[in-house]
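Use the sequences and the hints to build the structure in full.
These protein sequence lines are chains A and B, in that order.
Sequential numbering from 969 applies to the first sequence in my numbering.
Sequential numbering from 5 applies to the second sequence in my numbering.
These aren't lab readings, by the way, just hints derived from the structure by calculation.
There's no promise every hint is true.
[Claimed, not checked] Here are the simulated distance ranges between beta carbons:
#1 B:N26 x A:D1083: 45 to 51 Å
#2 B:P415 x A:G1088: 27 to 33 Å
#3 B:E156 x A:A987: 33 to 39 Å
#4 A:E999 x B:N26: 32 to 38 Å
#5 A:D1083 x B:A21: 17 to 23 Å
#6 A:D990 x B:A21: 29 to 35 Å
#7 A:N997 x B:E156: 56 to 62 Å
[What the hints assert, rightly or not] A few chain A residues facing chain B, derived, Cβ under 8 Å:
#8 K971
#9 I972
#10 K973
#11 T974
#12 R982
#13 I989
#14 L991
#15 G1032
#16 I1033
#17 T1038
#18 Q1039
The model shown is predicted, which means the values in this text are computed figures rather than measured ones.
Here a beta-carbon is modelled for each residue, glycine too, at the ideal position from N, C-alpha and C.
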Amino acid sequence: MDKIKTLADLKKIRDHVQAKIDLREKSENTENMVQIKVAMGTCGISVGSKETMAWFLDHLEENGIRAVVTQTGCMGYCSYEPTVEITKPGKEPIVFGHVTPKKAEEITQKYLKKDELVEGILPANYDTIEGIK
Amino acid sequence: MSYKMHILVCGGTGCRASAGQNIIEKLQESLKEQHLDNEVQVIATGCFGFCEKGPIVKIMPDNTFYVQVKPEDAPEIIREHIIKGRKVERLLYKDPERKTAVSDSKHMGFYKKQLRIALRNCGFIDPENIEEYIGRDGYAALAKCLSELKPEEVIKEIKLSGLRGRGGGGFPTGLKWEFARKYQADQKYVVCNADEGDPGAFMDRSIMEGDPHSVIEAMAICGYSIGADKGLVYIRAEYPLAIERLRIAIRQAEEYGLLGTNILGTGFDFTIEIRYGAGAFVCGEETALIHSMEGQRGEPTTKPPFPAESGYNGKPTNVNNVETLANIPVILTKGAEWFNKIGTEKSKGTKVFALAGKINNVGLIEVPMGTTLREVIYEVGGGIKDNKKFKAVQTGGPSGGCLTEKHLDTPIDFDNLIAAGSMMGSGGMIVMDEDDCMVAVAKFYLEFIVEESCGKCSPCRIGNKRLLEILTRITEGKGSMNDLETLDNLSKVIKDTALCGLGQTSPNPVLSTLENFHDEYVAHIRDHKCPSGQCKALLSYKIDPKLCVGCTLCARNCPVDAIIGERKEPHFIDTAKCIKCGTCIDKCKFKAISVV
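Shown next, in the form of structure tokens:
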């Protein structure tokens, strides 16, 4: 290890490591961040949800989007897999169907960046436990 | 490449004692089996504070909080949570009131009221990796001081922040630094007091285990401010994990050039050495600590001269406690003004407390000064175990006192606790319920003091011994009402005349219980009764002849043959022979035996 000789050296290490532990920082403040859940049931995995998830994990940063990408179980839309649920801060979650990496790119460019809706939104067909008063 | 998921496993002493290390190995094994070891990173962190339910495993990014994890659970966590994205329900924390599983630590009552400054990195970074600390703005404060601020300006900032010593006394830290700076000498020292001695307190240990670099950075900043190039950490040898982490941290800081000569090219030199203590309570007192480091007996000397003038080897020395130091880097990066907004008028910032005793969430917490005892005990601490009635809370260790129901709404800060007859101390908080006898509690603390008194001054050496004798007499039912007056007088004399802080505060547990639980003392003396049923000498066991069926089980199990009676006839206890061990109560199937 080379010694840290200047302030700039220290900052360089900090920025480098920050990217690595960013995942933990983000997890502590999920409310202010885009949350992306990729359905990873058997149905989803068989039609490529792993590639979709990998796309999000690898490409969001370069698009300047701070998001928490997690996996979840089957959401019940098996015929529309891979499905992805996206929650923007302060907004209702939206579920997109048939999200291939290509579609993921489109969602990122339009919905995430410009708030424009894209084709392929699935209607919510259930109530959540929290939703029942 | 960066990992897509992080699994944080608590690597503090508490969780390691419950096979925490084993969990890490098993998780890594399972990840390898599933070929996920390049995508998921397992990190051993410092203490999460929720020791009651350890070992803790936290999964990021979904912030899932698993409690009481066993090594055999590892494959299931990987298979279910990591691969399939399904949380392992049975390992989630259950909200004790609503009986529902809470997956996210932010929704746990334990964390809601907490504000973690000194513990900011505990349970978040890998303490054995300096880069993770740097990634959390570590050493930025040191860099800022060395490159932008004059030593006087650093001291001014610390003074402005209102930070007070977290080791017990609450002396303003900035002022202490200023004194040490004032004295001219060819050599000065910065000492970190890691001789944590209060029974039940373990915050300093956790900080050193979970975030050792914060202490190192702060010591270097202090060295720059007061003009010292040597730092010493005085730590008790019974903290092996903390020592190991500290050594690793010092070595890494040296390798990275953050300790040593010409730090960051500014010409500032600073090195740190570790000194081991044998674990004597009095060595937490700064003059005794210094003598112990010099190789002499750990005995205190009168102040002045203060260590700032003549300390280690007769040179100006600044001694700060671990938790105090852990606050320093944050104050300098975020600014004194930011720190000043937290807390009460005269006590700024937060305080770490070690919750212990009859409380649901035993563990380490950090709350802003001014939080009430009620909030700490009932909200963060989750209330009293088994729904029993709260009786008292002991703060400040052997130097503190017992606070009662009427103090529950007191906002906690240095001055309020002293006004209430206790003190902040290092932050141990022992909660007692209706089953605890307060005379016995006072006796317990005095036993500790008598054991730990260094013997140099007579008020402490002889006075405390006499106090203990009187208390022992009372718990045996042999006390007289005059004893109460003697206790009170003698306590006050010790308070006024003892040499050091240990002696001066040692009668506090007696004085506070005398004041708050006078009735219990009277019950022991006049009625020969211990209301909580704790003092053995005042108890007697009795068999209810109506309930006893004469099964002989108790008689056969009594170790001293104190129970007599024929088969199928009610039995009797010979109270002269009975040693009150309680075996008969445990054995009786008919609940016929009781304590009166």
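Here is what the structure says about each hint:
1. B:N26 x A:D1083: 45 to 51 Å: Holds, since B:N26 and A:D1083 (Cβ atoms, about 48 Å apart) stay within the stated range.
2. B:P415 x A:G1088: 27 to 33 Å: Check failed, 55 Å falls outside 27 to 33 Å.
3. B:E156 x A:A987: 33 to 39 Å: Holds, at about 37 Å.
4. A:E999 x B:N26: 32 to 38 Å: 35 Å, holds
5. A:D1083 x B:A21: 17 to 23 Å: With Cβ atoms ~51 Å apart, the hint is violated.
6. A:D990 x B:A21: 29 to 35 Å: 32 Å, holds
7. A:N997 x B:E156: 56 to 62 Å: 37 Å, violated
8. K971: 3 Å, holds
9. I972: 5 Å, holds
10. K973: 5 Å, holds
11. T974: For A:T974, the interface hint holds, since the closest Cβ of chain B sits about 6 Å away, which is under 8 Å.
12. R982: 5 Å, holds
13. I989: Holds. Min distance 5 Å.
14. L991: Given a least distance of 5 Å, the restraint on A:L991 holds.
15. G1032: Interface hint status for A:G1032: violated (17 Å vs cutoff 8 Å).
16. I1033: 14 Å, violated
17. T1038: 5 Å, holds
18. Q1039: 4 Å, holds
The structure fails to meet hints 2, 5, 7, 15, 16 from the earlier list, while all remaining hints are met.
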